[in-house]
Each structure stands twice: as C-alpha cells, then as structure tokens.
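Asks: Listed below, chain by chain, are the residues.
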Amino acid sequence: MSAAIQLRSVTKSYTRGGEELRVLDELDLDMDEATFYALMGPSGSGKTTLLNLVGGLDHADSGAIQIGADDLAAMDSGELAQWRSEQIGFVFQGFNLLPVLSARENVELPLLLAPLSRSQRRAQAERALDLVGLGDRMGHKPRELSGGQEQRVAIARAIATDPQIILADEPTGDLDRDTADNVLELLQRLNRELQKTILMVTHDPQAASYANKTIHLDKGKLGRIDDNSQVQRSS
Amino acid sequence: MPWKLLVRNVLGHPVRSLLTIGAVMVAVFLVCILQAVTSGLSRSLDASSANRLLVQSAVSLFVNLPLSYQQKLTAVDGVDAICKWQWFGGRYEQDKGGFFPQFAIDPEPFAPSYPEMTITSGSYEEFKQTRTGCIIGEQLAQKYGWEIGDRVPILGTIFTRVDGKPWEFVVNAIYESSSPAFEEQQMFFQFAYIEESLEQGGATGPKGSGLYMLKLSDGADPISVQRAVDEMFANGPQRVQTTTEAEFNRQFISMLGDVPQLLRLIGGAVLFAIFFAVLNTMLLAGRERTRDLGVMKALGFSNGVAAGLLIGEALLLCATGAGLAIAIALSTEETIAAVTATFIPGFALDQGTLLMGATIALMIGLVSGLLPGIRAARLTTTQAMQEIV
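Residue numbers (the numbering used here), protein chains in the order written: chain C, 1 to 235; chain B, 1 to 389.
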C-alpha cells in the first residue's frame with residue numbers, strides 16, 4: 001500500500017502571549033491510502049494543527065508535506081484553495097452548514113467550483129445525500145435537522161466532489177453516543193466501500209476504535225501508531 | 001460566485017435587510033428630489049430672458065419706486081417698453097391655505113414683453129378693456145377649476161379694501177408658458193385697478209410700483225442700459241438697482257440663503273448618515289458570517305469570492321433601495337411638481353438626476369461592502385473557523 005500522506009520534519013509554531021509555542025516538532029509521519037486513521041492525543045498535542053496542515057489550511061514553518069503527488073509547501077494560498085476543492089473533504093465538529101441553504105444546496109456548494117452543469121451538480125449532491133441516508137431531507141434547512149442529520153449532511157458535502165481524503169475534526173464531539181456511532185459507521189463505510197483515506201481527530205477512544213489505525217501525538221511529536229484490527233468496531 | 005448564497009444571505013435577515021433597503025430608499029429619494037429642486041432653480045434661472053431688465057429700489061425690494069419714474073425711464077436709450085410689476089400678496093378666500101402669486105401690471109406693454117406667454121383661452125383684448133379683469137396660468141386654472149368669466153375673490157393683505165371685502169377679479173384669459181422662468185401658477189391684473197382704488201380712497205396700501213420691467217430694443221446693450229438707469233436716479237429721490245431678469249431671480253432665491261448649497265449640504269449629510277448605517281449593517285453581516293466564510297474557504301473558495309459575497313450583498317441592498325427610490329420618485333414627480341410649481345417652476349426629475357441617485361447608492365454599497373469584504377479576504381481559514389476576529 002503506497003503512502004497517501006507523507007510528512008517529513010514538519011514543524012509548526014504559534015506565538016501566544018509573546019511566547020513561541022512549538023505545536024508540531026520535527027514530525028515524521030506516513031499514512032497509507034484508503035485507510036481510516038484516528039488522531040488522538042492530549043489537548044495541545046498538535047492534532048488540529050496537523051489536520052490543518054494536511055488539509056492545506058495552513059502552512060508549516062518547515063518540513064515537507066506530500067499528499068499523493070502534491071507538495072503542499074510549493075503551493076500558494078490560491079493554489080491550495082484549488083487543490084482543497086479537488087482533493088480534500090472536510091467534516092467539522094460543529095457541522096458548519098450554511099444556515100441559509102438547504103441540505104442539498106449545502107452539499108452542492110463545493111461542486112460550484114467544479115466544471116459541472118447545474119443539473120450535474122444537483123444530481124451529484126442528491127447522490128451524496130442518498131449515500132448518507134438523507135435522500136428524504138434534501139430541501140430541509142440545517143435548523144430543521146437533528147444534530148446527527150446535520151453531521152451527515154456535512155459528510156455528504158465532504159464527499160460530494162469525490163475527494164480521495166476526508167479530514168474530520170472531532171466529528172462526533174457534539175453528538176450523543178448513538179448518533180455518534182451512526183456517524184462513525186458512516187465514515188467507516190466511506191473508507192471501506194469508497195476507499196477514502198480518512199484522518200479523524202478525536203478525544204474519544206470509542207470513536208477511535210472505528211478507525212483502522214490510531215495515531216497518538218504527544219507534545220507535537222509522534223507517540224505511537226496503534227493497529228486497531230483486533231479491537232476495531234464494525235458496522 | 002455563489003449568487004444563490006448571496007441572495008439567501010440578504011433574505012436570511014429580512015428585517016435587517018428591509019430596514020437597510022428602506023434607509024437607502026429614503027436617502028436616494030430625498031437626494032433625487034433635492035437635486036431636482038436645485039436643477040429646477042437653475043433651469044428657471046437659465047431660462048430667464050436676456051433682453052429684459054428689472055429696476056427696483058436700491059434700498060430693498062420691499063420699498064416701492066415712485067410712479068413718476070416710468071415716464072423718465074422712457075427717455076433711456078435702448079428701452080423698448082416699460083411695464084410696472086407690483087406684488088399684490090393676496091389670499092384666495094375659498095382656499096384658506098392656498099397661495100399663488102398675484103401681480104398688478106400694465107396690460108399694454110406686458111404681453112409683447114413676454115413672448116413665452118401664449119393665451120390659450122379667453123381674450124387678452126378683453127383683459128385690456130376690463131378694469132377688474134385678470135389673466136391666469138393654466139396650472140392655476142386647473143388647480144382651482146377656474147374658467148373664463150369666473151369671478152375670483154382675493155383678500156388683500158398689503159392692499160386692503162376699506163370695506164373689508166375681498167377684491168374681485170374676472171378671469172378674462174388663460175395662458176400657457178413655454179419657459180420655466182415664467183410659471184403658470186400666477187395671476188396678473190391691471191395696475192390701474194389698485195391705483196384707482198387707492199386714489200379714490202376705496203383701499204389702502206403702498207403707493208408706487210415695486211418694480212419696473214424694461215424690455216430692451218433689438219441690439220441694445222443691457223449693461224449700458226443698466227448703467228444709464230442707475231445713473232439717472234443716482235441722486236434720488238429714490239436710488240435704483242437695475243439687474244437682468246436672471247440676476248434678479250437669483251437674488252430673489254438667495255433671499256432665503258444659498259438654497260442650492262443648502263440643499264446639497266442636506267443631501268450630503270443624509271448620504272453620509274446612510275453610508276454609516278449600511279456600513280454598520282455590512283460589518284455586522286461580515287462578523288456573523290466569519291465562520292461561514294471560513295467553511296467556504298476550507299471548501300476551496302477563493303479570498304475574492306469571500307470578499308465578493310459581502311460586497312455583492314451591500315450592492316444588492318443599495319441597488320434595491322435605489323431602484324425603489326427611483327420608482328417612487330418617478331411616480332410622485334407630477335404631484336411634487338404641481339405642489340412646488342409656485343416656488344420651483346422648473347422642477348423635473350431628469351435622467352441625470354436619477355442616474356446620480358443610482359450611482360451614489362451603488363457607491364455607498366461598494367464602499368460599505370469593501371471594508372468587511374477586505375477583512376473577509378484577509379481572514380485565514382483557521383482564524384475564521386476558530387472565529388478569531
């Protein structure tokens with residue numbers, strides 16, 4: 001299996017209160033394609049920062065980040081935006097659906113950046129919503145949906161452009177256990193059936209158990225990588 | 001550009017959007033009307049005749065000139081005709097709140113001196129023969145439904161009858177005007193009527209004439225005539241000031257202060273206030289959408305789209321307000337023109353005024369959208385997602 005995501009000596013620091021805080025410290029990491037990763041670690045260990053760097057939302061201070069054949073360090077912000085629209089799907093903890101748009105329109109949003117006709121966009125958005133089991137909620141606004149349904153719409157939006165990588169930041173953080181399990185099962189299905197590479201930040205060991213592997217970060221460095229094949233929960 | 005999102009963002013806060021649109025609408029409407037007033041005043045001045053001079057007292061417009069001056073003025077080279085003009089200042093009895101200008105004039109030289117006036121019904125000859133006769137403008141006739149032969153009672157305020165009754169005038173003719181400087185809401189009657197009443201003791205009021213209008217001969221130099229007239233009466237008994245009709249009208253308007261400048265200042269102040277109102281709305285909208293914009297950037301939308309959404313929203317609000325203002329201004333133009341005809345004869349909303357109103361509204365939209373737009377463009381995705389603003 002080839003590496004979908006490769007980090008070499010990645011360092012990222014922030015200045016807070018006049019003090020420089022090294023969040024990622026010379027991090028080396030390889031992630032295989034079509035694998036579901038959970039990213040765990042204590043607060044401040046650099047999980048979200050790593051996710052932002054891999055998603056091209058932020059630049060590393062030093063080091064190299066290779067996603068497939070693409071070197072993120074070589075891209076400017078415009079190129080990164082274009083790259084994200086084609087290669088990455090994001091799922092956030094707070095769902096972050098646009099409140100004025102319906103479920104289908106939210107899913108259609110990233111497709112506006114693809115060279116598709118209106119009918120193609122609509123069909124693709126509807127397919128994605130069908131896939132997450134919300135074919136009957138397409139015209140509903142986010143406020144008319146439950147938390148679990150909102151997160152499934154967010155997942156549909158993440159997969160609408162058919163990206164190879166899905167990055168999820170605490171996707172079940174705002175959900176109850178049962179709803180969280182449903183969402184995690186959905187992510188697992190996307191990994192198994194559509195061969196998506198998924199990197200999910202979580203604090204919850206139970207959520208992590210849905211992943212193939214768990215990456216542990218500690219103080220900006222790689223702690224260990226657990227293979228979950230023995231304990232992995234299955235849908 | 002996700003146009004649907006732009007429109008939905010506007011519709012997403014209906015009350016706020018309606019209030020902003022309403023504010024822009026009122027401001028643009030007001031500015032268009034004020035500009036139309038200013039243009040109307042200019043049109044009226046521009047349309048003033050170049051071959052008519054007006055002689056008034058050098059002391060004040062409210063001081064009358066002796067009647068003996070008329071004979072002396074005929075001796076000035078370049079003067080073709082002389083006509084008295086006396087402000088009557090009466091009130092139409094049946095309409096307590098109504099006001100329109102009435103002037104006592106000399107019928108013989110009056111009509112030939114004002115070729116812009118055309119009699120459309122009745123007879124000017126009959127007016128000349130009837131001591132209590134009058135001619136009225138078409139707008140005035142329409143306003144009160146007066147017809148030829150009607151008797152119009154006017155209560156004098158400067159010239160009052162000793163019996164306390166109103167003056168009575170017979171409508172002999174109705175005129176239309178081809179010039180905004182000569183409006184159609186006026187009444188003219190014979191100067192001899194009040195002169196005789198004053199002499200016979202039937203009325204009280206100031207003697208003399210408020211103005212003398214001098215119609216110049218073809219080829220006469222207005223400046224030479226002006227100078228000659230002023231010099232003629234330089235040693236009294238009453239010094240005079242001779243001006244062109246345009247200058248007289250300008251001075252008359254400026255008695256209220258610099259009206260065009262005042263109107264511009266009011267319009268400017270209103271626009272300034274509305275700019276801040278729209279800017280406030282857009283800053284609020286930008287702040288509220290920080291997270292949404294962060295999501296869009298994460299999805300791959302450019303900084304330009306993030307800025308464009310806010311600028312477009314401001315432009316949409318302002319364009320809607322301007323469109324409504326222009327529609328209302330056009331639909332009320334005739335009514336406003338009729339109401340203001342006495343004071344602003346040339347009131348009209350021309351294309352330039354409407355275009356100016358629309359342009360100002362769009363500029364307000366652009367500038368007020370630019371500030372939150374630039375902020376949205378500069379905001380990094382991670383900052384936006386964390387709502388670090």
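The set of hints was computed from the structure by calculation and includes no laboratory data.
Everything numeric in this text was worked out from a predicted model, so none of it was measured.
Careful: at least some of the hints might be erroneous.
Stated by the list, open to error - Chain B is faced by these chain C residues, among others (derived, beta-carbon under 7 angstroms):
1) PHE90
2) LEU98
3) ASP227
To be verified - Here are the simulated distance ranges between beta carbons:
4) C:PRO115 <-> B:PRO14: 29 to 37 angstroms
5) B:LEU283 <-> C:ARG16: 25 to 33 angstroms
6) C:ASP204 <-> B:GLN383: 24 to 32 angstroms
7) C:LEU116 <-> B:ILE374: 50 to 58 angstroms
8) C:ALA123 <-> B:ALA348: 33 to 41 angstroms
9) B:ALA327 <-> C:GLY139: 49 to 57 angstroms
From the three backbone atoms N, C-alpha and C, an ideal C-beta is built for every residue, glycine too.
Asks: None of the hints should be skipped; say for each whether it holds.
Replies: Evaluation of the provided hints:
The beta carbon of PHE90 (chain C) is positioned within 7 angstroms of a beta carbon in chain B (closest approach about 5 angstroms), and the interface hint is therefore held. Look at LEU98 (chain C): its Cβ gets to within about 5 angstroms of chain B, closer than 7 angstroms, so that hint holds up. Taking 7 angstroms as the C-beta cut-off, the interface hint given for ASP227 (chain C) is violated, the closest approach to chain B being about 30 angstroms. Under the hint 29 to 37 angstroms, the C-beta atoms of PRO115 (chain C) and PRO14 (chain B), about 35 angstroms apart, fit the expected range.
Take LEU283 (chain B) and ARG16 (chain C): their Cβ atoms lie about 27 angstroms apart, and the range 25 to 33 angstroms holds. With their beta carbons about 26 angstroms apart, ASP204 (chain C) and GLN383 (chain B) fall inside the hinted range of 24 to 32 angstroms. Between LEU116 (chain C) and ILE374 (chain B) the beta carbon distance is about 31 angstroms. The supplied range of 50 to 58 angstroms is therefore violated. The supplied range of 33 to 41 angstroms is broken by ALA123 (chain C) and ALA348 (chain B), whose beta-carbon atoms lie about 55 angstroms from each other.
One distance hint, 49 to 57 angstroms for the beta-carbon pair ALA327 (chain B) and GLY139 (chain C), is violated here, with the actual separation near 34 angstroms.
The structure shown violates the earlier hints numbered 3, 7, 8 and 9.
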